[in-house]
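Chemist: Residues per chain, in single letters:
There are 2 protein chains.
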Amino acid sequence: MITTIDTVLLRIADNELQVLLWQRPSDSRAYPGFWALPGGWVFEDRDETLEQATCRILERKAGLKPDYIEQVATIGNRQRDPDGWSMTVLHLALLRFSCSSSTHEDTHWVPVENVLNQSQELAFDHAVLLAKALERLNTKARYSTLPLYLAEQELKLPELQRIYEIVLGNPLHKRAFRERILSADVLQDTGRRVQGRGSPATIYRYHSDCPVRLFDRMMQGASTETVDE
Amino acid sequence: MITTIDTVLLRIADNELQVLLWQRPSDSRAYPGFWALPGGWVFEDRDETLEQATCRILERKAGLKPDYIEQVATIGNRQRDPDGWSMTVLHLALLRFSCSSSTHEDTHWVPVENVLNQSQELAFDHAVLLAKALERLNTKARYSTLPLYLAEQELKLPELQRIYEIVLGNPLHKRAFRERILSADVLQDTGRRVQGRGSPATIYRYHSDCPVRLFDRMMQGASTETVDE
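Chains A and B, in that order, are what the protein sequence lines are.
Be aware that the first sequence starts at 0, since it is given in numbering that gives the first Met the number 0, and climbs by one per residue.
Be aware that the second sequence starts at 0, since it is given in numbering that gives the first Met the number 0, and climbs by one per residue.
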């Protein structure tokens, strides 16, 4: 059985979610020259665990080490690969922009929207895999601090709110957003302030090894039709 | 590579969570005679998809068709099976008590507590798999209607609250619990009432194909040190 690992690597740049794609070589056994999620086979002789295989493949295909990786689902059937029954363990990984530059020439970042609206075609069922990973991120953004992994380690609350709004696809109420994020107790006040248009903005810091925390109230409860800024 | 599917099948009986175990035959290739989660191999020639394989295996090993099944995680490494690299796709399945009788003689329901406190030993890493599935259920119970799948289709709110309390491991505040469950809009009032010790209790109904809904407020916010009944 073909057993692979595929990873949806996401970052935010230019005010949108972007996914890292990898171009399959022109002599690939299937979908030659197509863009695909960075992925690869699990090797019994080389990999001790699935987790190690995931990191090895990301390192080799993308040259990146994301702070956050989670399994989304395992998809297996007879149709998804022209060479027969295949199974892939799908992962979601988040990167902050400053750590997202891949030195590999056969990779590039594209807006997820381009895949969703089919202007960017992908190999195999990778467009479906991307949609599954985005759904996981969207759901978790409603009740947890997960989108923090898309932010820089030093940040202002309006920047983080914008990240949540991009992930959730709708504007949030400023006060309700702040209440949820601050009560989750993952941000440290650096004591520094920067002057913006209005009152000075606090600079917060989070640690990349901080666990994902659940909110007491759902973030969609913070939605508003008009942004309150 | 050994590729299997294992399922943690749960029900509530005798005021506790119970898991269905299956006894491995005395001539098994590994762990002969041990109790294990119902599971089996994925067969390329027989199974069209992972989902079909999951149902086929549950039907054959346990004779049961749960209303709710979800994937929890895929665990793969060199250590978990004495015969070498193996990978299992772990599932969580929930059954209401009235549909949980297995006719298979090599299965029995045991309190999950017996596995957790190691008075019931399991084959392979199945005790770890059970713990992972329980963690998933516990987390989802905090923000969703998932535990409804452990309830009978006609139910009173105090019965459902008891199910949540068993899953979460702590008492809940009656009014806060009712508010969350009723606002999730998954229960239909049957119009019937039964007389209890206090005021008459409404009988609600839910449909087994109802999607799992998220609460606006976390259920742990409903916790209380003393049960308010």
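Worth flagging that the hints you see were computed from the coordinates, not collected in a lab.
Just to be clear, a hint being listed does not mean it is correct.
[As the list claims (entries may be wrong)] Sample of chain A residues at the chain B side, in silico, Cβ under 7 Å:
| # | residue |
| --- | --- |
| 1 | Phe42 |
| 2 | Gly75 |
| 3 | Asp184 |
| 4 | Val211 |
| 5 | Asp215 |
[As the list claims (entries may be wrong)] Taking lysine-lysine and the DSSO-like style, the derived pairs with C-alpha atoms no more than 27 Å apart in a straight line are:
| # | chain 1 | residue 1 | chain 2 | residue 2 |
| --- | --- | --- | --- | --- |
| 6 | A | Lys155 | A | Lys64 |
| 7 | B | Lys64 | A | Lys64 |
| 8 | A | Lys131 | B | Lys155 |
| 9 | A | Lys139 | A | Lys173 |
| 10 | B | Lys64 | A | Lys173 |
| 11 | A | Lys131 | A | Lys64 |
| 12 | A | Lys155 | A | Lys139 |
| 13 | A | Lys139 | B | Lys155 |
| 14 | A | Lys139 | B | Lys139 |
| 15 | A | Lys173 | A | Lys155 |
| 16 | A | Lys64 | A | Lys173 |
| 17 | B | Lys139 | B | Lys64 |
| 18 | B | Lys64 | B | Lys131 |
| 19 | A | Lys131 | B | Lys173 |
Here the structure is a predicted model, which is why all the values come from computation and not from measurement.
Quick reminder that beta carbons are idealized off the backbone N, C-alpha and C, glycines included.
Chemist: So, for every hint listed, does it hold in this structure?
Modeler: For each hint, the structure was consulted:
no. : hint                : verdict
1   : Phe42               : 9 Å, violated
2   : Gly75               : 4 Å, holds
3   : Asp184              : 15 Å, violated
4   : Val211              : 11 Å, violated
5   : Asp215              : 5 Å, holds
6   : A/Lys155 x A/Lys64  : 25 Å, holds
7   : B/Lys64 x A/Lys64   : 41 Å, violated
8   : A/Lys131 x B/Lys155 : 36 Å, violated
9   : A/Lys139 x A/Lys173 : 19 Å, holds
10  : B/Lys64 x A/Lys173  : 46 Å, violated
11  : A/Lys131 x A/Lys64  : 22 Å, holds
12  : A/Lys155 x A/Lys139 : 21 Å, holds
13  : A/Lys139 x B/Lys155 : 30 Å, violated
14  : A/Lys139 x B/Lys139 : 11 Å, holds
15  : A/Lys173 x A/Lys155 : 13 Å, holds
16  : A/Lys64 x A/Lys173  : 32 Å, violated
17  : B/Lys139 x B/Lys64  : 22 Å, holds
18  : B/Lys64 x B/Lys131  : 22 Å, holds
19  : A/Lys131 x B/Lys173 : 36 Å, violated
In this structure, the earlier hints numbered 1, 3, 4, 7, 8, 10, 13, 16 and 19 are contradicted, and the remaining ones agree with it.
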